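Trainee: This is what each chain is made of:
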Amino acid sequence: MAKRKATIDVNEPSQRTIKKILIANRGEIAVRVIRACRDLGIDTVAVYSEADRKSLHVRYADEAIFIGQPAPRESYLVAEKIIAAAKKTGADAIHPGYGFLSERSFFSQMCADEGIIFIGPGPHAIDTMGDKQTARETVKKAGVPVVPGTEPGMRDEDILRIAPTFGFPVLVKATAGGGGKGMRAVYEEKDLAEAIAGARREAESAFGNGDVYVEKLLVGARHIEFQVLADMHGNTIHLGERECSIQRRHQKLVEEAPSVVLDQDPELRRRMGEMAVKAAQSVGYVNAGTIECLVDKDKNFYFLEMNTRLQVEHPVTELVTGLDLVKEQIRIARGRRMGPTQSVLEPKGWAIECRVNAEDPYSNFMPSTGKITTLNVPSGPGVRVDSGVYAGYEISPYYDSMISKLICWGEDRGEAILRMRRALEEYTIMGVKHNIPFHQNLMRSFSFLAGKFDTKWVEEHFSMDTYEEAPSDEELETAAIAATLFAHRQKQLASQVVSKGARDTSNWKWVGRWERMHR
Amino acid sequence: MKYVTIINDKTFEINIEPDGSLTVNGEKREVDFRGLGPSMYSILAQNISHELTIEQRDGEIEVLMRGRLYTSRVLDERALLMAQRSGGLAAESGELNIKSPMPGLIVAVRVESGQEIKAGDTIIILESMKMQNELKAPRDGVVGTVHVQPGQTVEQNKVLVTIG
Chain C
1 MAKRKATIDV NEPSQRTIKK ILIANRGEIA VRVIRACRDL GIDTVAVYSE
51 ADRKSLHVRY ADEAIFIGQP APRESYLVAE KIIAAAKKTG ADAIHPGYGF
101 LSERSFFSQM CADEGIIFIG PGPHAIDTMG DKQTARETVK KAGVPVVPGT
151 EPGMRDEDIL RIAPTFGFPV LVKATAGGGG KGMRAVYEEK DLAEAIAGAR
201 REAESAFGNG DVYVEKLLVG ARHIEFQVLA DMHGNTIHLG ERECSIQRRH
251 QKLVEEAPSV VLDQDPELRR RMGEMAVKAA QSVGYVNAGT IECLVDKDKN
301 FYFLEMNTRL QVEHPVTELV TGLDLVKEQI RIARGRRMGP TQSVLEPKGW
351 AIECRVNAED PYSNFMPSTG KITTLNVPSG PGVRVDSGVY AGYEISPYYD
401 SMISKLICWG EDRGEAILRM RRALEEYTIM GVKHNIPFHQ NLMRSFSFLA
451 GKFDTKWVEE HFSMDTYEEA PSDEELETAA IAATLFAHRQ KQLASQVVSK
501 GARDTSNWKW VGRWERMHR
Chain H
1001 MKYVTIINDK TFEINIEPDG SLTVNGEKRE VDFRGLGPSM YSILAQNISH
1051 ELTIEQRDGE IEVLMRGRLY TSRVLDERAL LMAQRSGGLA AESGELNIKS
1101 PMPGLIVAVR VESGQEIKAG DTIIILESMK MQNELKAPRD GVVGTVHVQP
1151 GQTVEQNKVL VTIG
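First to last, the sequence lines map onto chains C and H. Under my numbering, think of the first position of the first sequence as 1, with each following residue one higher. Under my numbering, think of the first position of the second sequence as 1001, with each following residue one higher.
FYI, nobody ran anything at the bench for these hints, they're computed from the structure. All figures in this text were calculated on a predicted structure; none of them were measured in a lab. Keep in mind that a hint or two might mislead.
What the hints assert, rightly or not - Just a few of them, taken from the derived set where beta-carbon distance is under 7 Å, the chain C residues facing chain H:
no. : residue
1   : I162
2   : N364
3   : T373
4   : T374
5   : S379
6   : P397
7   : E425
8   : T428
9   : M430
10  : T478
11  : A479
12  : A483
13  : T484
14  : L485
15  : F486
16  : A487
Unchecked claim - In silico EDC-like pairs for lysine to aspartate or glutamate, Cα to Cα no more than 20 Å straight-line:
no. : chain 1 : residue 1 : chain 2 : residue 2
17  : C       : K140      : C       : D156
18  : C       : K81       : C       : E114
19  : H       : K1136     : C       : D360
20  : C       : K371      : H       : E1013
21  : C       : K491      : H       : E1112
Heads up, the beta-carbon is just placed ideally off N, CA and C, and yes, glycines get one too.
Could you put together the complete structure from these sequences and hints?
Mentor: Quick look at the structure:
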């Protein structure tokens, strides 16, 4: 396949100048990008919805442009408003962050049409990787393994012939599927025909489209992804892996780099890394991207999808490689050679990230809104916090529930976990419910400590009760004493205010008189 | 001043003398308690040092200590007397309103009026912050009135269902 990598004329100055970057995002990632810009001496423009006037990204940026109502479709998702803001402020480039417009090819195209540098890949790469089926076919041609499956549109007899060659169990899925409808797990060949017929009926009634396909069901699989980086000079490398199997309802909660599995098997890391680079090259990828894979318990790995943007969990890679990925993104967008020249096969130390969400782990991870009344952020050796909030910040229901990311680094996994425990204990967030207790329990759980988990582990085996440590009697008593003294002081304060008028004159005068009397 | 403090279902009788000395269940304790700024406190209890964040919320006192959140109720003599008269410290019966914990969209109502429910049963599914959330019954009971229907958007603290 012909290389379709974007090339630039490095003598063309307009391609290389970035003096001002507009960040088309909000929250912690907008702050993260602004910080990189500041390091580089680049001016920044924030965009904000009505709900975000007082948000950190607006306060940190050099300029800020209002873009509409709180709902994302009225503000952060309106490409025209973002482009208009860039033109108004004279920004040369736009960083999309993650989510919102970051993986919309039309937005990347719009930027190009308007002569604004999009800090990310071109529209072709976003398009190809955005459609799961096209992505699968494209990387397959480049020799990248994908989860074995039948192609859409096949007749029953063909499916029945091909599917058993994948080995059981398999998953029957509706092409138009979603929300588990039309999905069936099949463990034995004799049940396959019946399952296909059932799935077709269900898909037909639910989506008006009875097309189904069969995919190998990976049992006990882990989600391991590779960070890739590619510049316009033909260099494509990977920066090692991230383990992201600790998730709930497909939402990642904890990520680490490296992965326990690949740490014990450098050869597997080398092979998977090669595959990731190949997958990125197959679409002529430029800038930072992530190849997501499933690794089954027999260490077979399969391409899942590519995320054509910066990931939430990019800091763990930064901590074990010493790189600043946002700076690399900007450097690449400027048309320069990226900093690192070789793929990372030996990460330095170990990094773990906990996503701190406004969700109550004691009541089924219910999101919590309201004002953060007190906030004390952990610090000290090996601790990094990427946050978008402050004391007094109001968590609104319009955006996702992530408050911040706590990332800890250690010489090895053990040290990273111990630091994480310490940092979680230091982290004080009051006013809203949050999932720090979940992370504390997770960091105590034997399976996590042993590195033995898969993508279903949190949902199927983790319970808040198992690792909840009861407070000691002394701690409970101390807390009771503190609460009582707190109440006692408030009561005294209240009675002081009430009896203020009892003395007919100001305290200063009263003290003066008293002193004169006792002279 | 005499107080009864309930924390994690455990009860402490705490007495604070006018001179500031303190007893817990009749035993003397050496306590040095200092305010550090808004919501922040330092306590030395028998020389054991703890940093605490303490805030009052909905009639309860929240204490965050060593990453653990304690929710406590502090009753003075008058409050204790009133609580005893009304029969117990926690209401286990009577009407209970299930309120919306945040603004959102009602996706489904899983109960109907007159239905018997058990603690933990899903009552309503509320969509907010890009997620569907199950609101569950905090205790057994019979559904009284259902105040909302699927498709309706609700404000925070809106009464959704009353349990008898």
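Trainee: Hints the structure violates: just list their numbers, smallest first.
Mentor: Checked against the structure, the hints that fail are numbers 1, 5, 17, 20 and 21, while the rest are satisfied.
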